[in-house]
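Trainee: Spelled out from the first residue to the last, the chains are:
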Amino acid sequence: MEPFTTHTGVGVPLRRSNVDTDQIIPAVYLKRVTRTGFEDGLFAAWRSDEHFVLNREPYRAGSVLVAGPDFGTGSSREHAVWALSDYGFRVVVSARFADIFRGNAGKQGLVAAECEQSDVEQLWKLLETEPGTQVTVDLVEKTVSAKDFTARFFVDDYTRWRLLEGLDDISLTLRHEADIDAFEQARPNWKPVTTPIATP
Amino acid sequence: MGKTLAEKVWDQHVVRRGDGAEPDLLYIDLHLVHEVTSPQAFDGLRLAGRPVRRPDLTIATEDHNVPTIGIDLPIADPVSRTQVDTLRRNCAEFGVRLHPMGDVEQGIVHVVGPQLGLTQPGTTVVCGDSHTSTHGAFGALAFGIGTSEVEHVMATQTLPLRPFKTMAITVTGELRPGVTAKDVILAVIAKIGTGGGQGYVLEYRGPAIEKLSMEARMTVCNMSIEAGARAGMIAPDETTFEYLKGRPHAPQGADWDAAVASWRELRTDDDATFDAEVVVDAASLTPFVTWGTNPGQGLPLSATVPDPELIADENERVAAEKALAYMDLAPGTPLREIGVDTVFLGSCTNGRIEDLRAAADVIRGRRVAEGVRMLVVPGSMRVRAQAESEGLDAVFLAAGAEWRQAGCSMCLGMNPDQLAPGERSASTSNRNFEGRQGKGGRTHLVSPLVAAATAVRGTLSSPEDLSDDLVGAATSGDDRN
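Quick note, the sequences are listed as chains E and Y, same order.
Counting along the first sequence from 1, when you hit position 123 you're at 123 in full-length UniProt numbering, and nothing is skipped either side.
Counting along the second sequence from 1, when you hit position 18 you're at 18 in full-length UniProt numbering, and nothing is skipped either side.
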């Protein structure tokens, strides 16, 4: 994972709440077995509308998405994060993220920046009155700013540290392999195993 | 101070306590795998030269992509076929047990785990699917994960996690006849909202929950994610033990006694406190249906389509306006007058044997309305076989419904079972998102009883709306007018 410290790019106002992962990427795009190339599925249904924000200049080249509350609800599909990243988004700003989406974003270097809804509203107004406004997201200072506007955002310390360092979880966990071995030794022997059993 | 059920299961699985900002490392007892969210995870292992650490705690099935007719033929869609073939290759290479399309144990991953007896009280269960919350019905801590986490569990059999907050959903009193677990959970979601459970594990409790069968408990826990909660749980009791006893992977003999003794401890202590509490009166509930495009947009079937102008909160008002435009509904329309093209009975929410029995009891001797198609899709091949042994297939076929093979089917637009643009369904599945059942499709979430009654009348209905329209008396097509 690439380390993330700060990012500056065109902000995109998405005035919708409950942007579920079926909207971010419909299931029909989940059939691929690769990890890249999901940008064509991003907001696929909405992008068929020429007035959709990502079909308009200069939002088309946006990299900071500013969305309504409850972003990323629904399915666990990490493809939602891949689609946003593959399109070019580095940050999503929202007042509330679904838990699984937030976790998935943190694993893939996409910053899920949680702001007050009032800050989201201000950003929306700014991005709509001055399309193409650059938004800067500073993960060190935990601030999102554009023109004269600056707001704090929340991201948990552990995710922030991993994003800043570009660390991947599996190698971090494997440092504790001895603890895992010890835990396995102590598990009750009646816990289920999936090894096939002759079925009638 | 006492602990909640969720805290007890959590504490039993901590491999290593995180210090400071670091999360706890939690051991995973059971990892369920399917074809959609696993290929990139297997690829990651391959690239890093890592094995699946515990293939004996891992099991795979094919469900999301599979067609539900013509399963003896190759999958027609080449992209779906590649994904299924990739799962088969990966499972063979990494030594993971797989139940492929056509196999006697194949089915939706959340139906297969419980029926094999793999889902047990006090276990931690994960799957790259948000409806993993289903397994919480057994008192397991079960939640959906993303593909990076799938790879993490494959490589380490653990997950780094921060403790959840806990929320009690207490359902008091007694459900009225014709009111089901689906109505309970739809009402809960409408009450707390699609974000109300975010960051929480929900524990469903109270007399109305204790009376539910295991199938009904699974329906409730299944939709916890629709309230934003990653997991929902119900304390195990005699109903749970009775369901598990004798299942292929349930403990046997002395192991059974040891397991049950341990499971009996899995109850929230009297002096434990929840971070939040919600109370629902079971007796106040009636059949519930959704009118909008998120599962929180639901109302009793007796209500009318809401008027967005009367909604005070601006975000909710805008969301309601967009939902009604997408759903092509006018404010004030009685929900009972909404006609449907398709009825879908199935999914990990309502594709188990009890659901099929309940719907069959309503539809027995009646006909599916003219111009309506009804798909009946068992959640697993075992459920299908059980239903056939009880003659339920004949009931559905005689009514004019389609009797299909097992899979996720019309719950999501990933396989051939989809709505056409503009088509409207009454569906026993879990999500009414825009395009969820096919691009442009419109979904009303309902219970199996409402699904069956709706199929007969052609408009959203409950069994009590059906009077003497048994076949032979009259054809039910007239009811559509």
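For the record, the hints were derived by calculation from the structure and aren't laboratory data.
Don't take each hint at face value.
[Said to hold, decoys possible] Only pairs whose alpha carbons sit at most 25 Å apart, straight line, appear in this in silico DSS-like list of lysine-lysine:
id, chain 1, residue 1, chain 2, residue 2
1, Y, 191, Y, 211
2, Y, 322, Y, 3
3, E, 191, Y, 191
4, Y, 322, E, 125
5, Y, 322, Y, 165
6, E, 191, Y, 245
7, Y, 191, Y, 165
8, E, 125, E, 142
9, E, 125, E, 147
Computed from a predicted structure; not experimentally measured.
Trainee: The structure should be examined with respect to each hint, and the outcome stated for every one.
Mentor: A quick look at each hint next to the structure:
As the CA atoms of residue 191 (chain Y) and residue 211 (chain Y) are separated by approximately 22 Å, the hinted pair is consistent with the 25 Å bound. Restraint check for residue 322 (chain Y) and residue 3 (chain Y): not satisfied, since their Cα atoms lie roughly 43 Å apart, outside the 25 Å limit. Distance hint between residue 191 (chain E) and residue 191 (chain Y) is unfulfilled; the C-alpha atoms sit about 37 Å from each other, more than 25 Å. Pair hint residue 322 (chain Y) plus residue 125 (chain E) holds up; C-alpha atoms about 20 Å apart against a cutoff of 25 Å.
Taken as a hint, the residue 322 (chain Y) and residue 165 (chain Y) pair is broken in the structure, with Cα atoms around 32 Å apart against an allowance of 25 Å. Between residue 191 (chain E) and residue 245 (chain Y) the CA atoms are separated by roughly 14 Å; this keeps the pair inside 25 Å, and the hint holds. Distance restraint check for residue 191 (chain Y) and residue 165 (chain Y): the Cα-Cα separation of roughly 19 Å lies within the 25 Å cut-off, and the hinted pair is therefore satisfied. Proximity of residue 125 (chain E) to residue 142 (chain E) is assessed by CA-CA distance (about 21 Å); at most 25 Å being required, the pair is judged to hold.
In summary, the hint linking residue 125 (chain E) to residue 147 (chain E) is supported, as the alpha carbons are separated by about 12 Å, within the 25 Å threshold.
Taken one by one, the earlier hints fail for this structure at numbers 2, 3, 5, listed in ascending order.
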